[in-house]
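Residue numbers (my numbering), protein chains in the order written: chain A, 140 to 275; chain B, 27 to 207.
Where hints are given, some of them may not hold.
Unchecked claim - In silico DSS-like pairs for lysine-lysine, Cα to Cα no more than 25 Å straight-line:
#1 B:Lys100 / B:Lys120
#2 B:Lys120 / A:Lys240
#3 A:Lys258 / B:Lys178
#4 A:Lys240 / A:Lys262
#5 B:Lys195 / B:Lys120
#6 B:Lys178 / B:Lys120
Keep in mind that the hints were calculated from the coordinates and are not lab data.
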Amino acid sequence: MSPDATGMDYWVDLVSAVFMVVGAVMSLGAAIGLLRFPDLLSRMHAATKPQVLGLFLLLAAIGLQMRTWWVWPVLVVAWIFQLLTVPVSAHMVGRAGYRTKHLHRELLTSDELEAVVQKAAAKTAREDDSGDGSKK
Amino acid sequence: MSRRRISLRQELPLLVWLVIVWGALWQDFSPGNLLFGALLAVAVARLFYLPPVELSGRFNVLYAVPFALVFLAKVVVASAQVLYLAVVRGPRVKNAVVAVTLRSHQDLLVTATGHVISLIPGSLVVEVDRSTSTLYLHALNISSAADVDNLKKEVRAIEAGLIRIMGTKEELDAVRLEASA
Numbered sequence: 140m141s142p143d144a145t146g147m148d149y150w151v152d153l154v155s156a157v158f159m160v161v162g163a164v165m166s167l168g169a170a171i172g173l174l175r176f177p178d179l180l181s182r183m184h185a186a187t188k189p190q191v192l193g194l195f196l197l198l199a200a201i202g203l204q205m206r207t208w209w210v211w212p213v214l215v216v217a218w219i220f221q222l223l224t225v226p227v228s229a230h231m232v233g234r235a236g237y238r239t240k241h242l243h244r245e246l247l248t249s250d251e252l253e254a255v256v257q258k259a260a261a262k263t264a265r266e267d268d269s270g271d272g273s274k275k
Numbered sequence: 027m028s029r030r031r032i033s034l035r036q037e038l039p040l041l042v043w044l045v046i047v048w049g050a051l052w053q054d055f056s057p058g059n060l061l062f063g064a065l066l067a068v069a070v071a072r073l074f075y076l077p078p079v080e081l082s083g084r085f086n087v088l089y090a091v092p093f094a095l096v097f098l099a100k101v102v103v104a105s106a107q108v109l110y111l112a113v114v115r116g117p118r119v120k121n122a123v124v125a126v127t128l129r130s131h132q133d134l135l136v137t138a139t140g141h142v143i144s145l146i147p148g149s150l151v152v153e154v155d156r157s158t159s160t161l162y163l164h165a166l167n168i169s170s171a172a173d174v175d176n177l178k179k180e181v182r183a184i185e186a187g188l189i190r191i192m193g194t195k196e197e198l199d200a201v202r203l204e205a206s207a
């Protein structure tokens, strides 16, 4: 891109350059978050959010640079699959992490799930003891 | 396997989506390719039979477009916020696990709400209680009870937005009543 370039190409190049840099910064942010956050659950935040936006910006930059309409459907499908799968994987990891106590309780200001999980665990233990699954 | 068959009308969104994916992957939207994709979609939907997703039968585009734009803006805000917290707060960040009870008992709406709030600022679904449709969220940067209340309000607002887009008639009436009160 030459400095005196004007018109459409100049703007397309400029926008895709900005998208790429910001997208890369977002992925860097996810990496920093993974290193600096204290426990598994807060790390999952870093692994989900900046990464989704980073991918969106990089895909948009690709779409702008390719300049053919038929790449857009693939890029959109790729991003939609990302949107659908990222929360699910974060939920599965988060759920397993919470139950196996991979979290720093002293960093929580409130916890409305603990009582529920303990109650369920106590109920399972009772049912195991009595050997009677029908007991409520 | 003697599952209840679902009507073509209920299956149509899934088939259309499969055809779009097929066309996108081949990067070819010519009628012949789409027709072959449609045949494959029907075959796949018949062979790998999934439990049907209960659609409410309404979809409001007028609410969906602004919702999608606000969602995109929120994804940007969320990413910036997580980036800021990662760099500035890091190990000293304060969190909370919050229970939010939703209005809707439809699987599709609970799932959609869970997906949206996992991608917007500060929250992540840790646990779902399907029988009471309660979401347990892990929230980043929560230091007071007021923050917890704000988060709960925001999640319920998002659910209301989704109900306006594709909730059932009864749910929609409940949301309208709540909004007018």
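Are any of the numbered hints broken by this structure? If so, which, sorted upward? Hint 5 is the one this structure does not satisfy, whereas the remaining hints hold.
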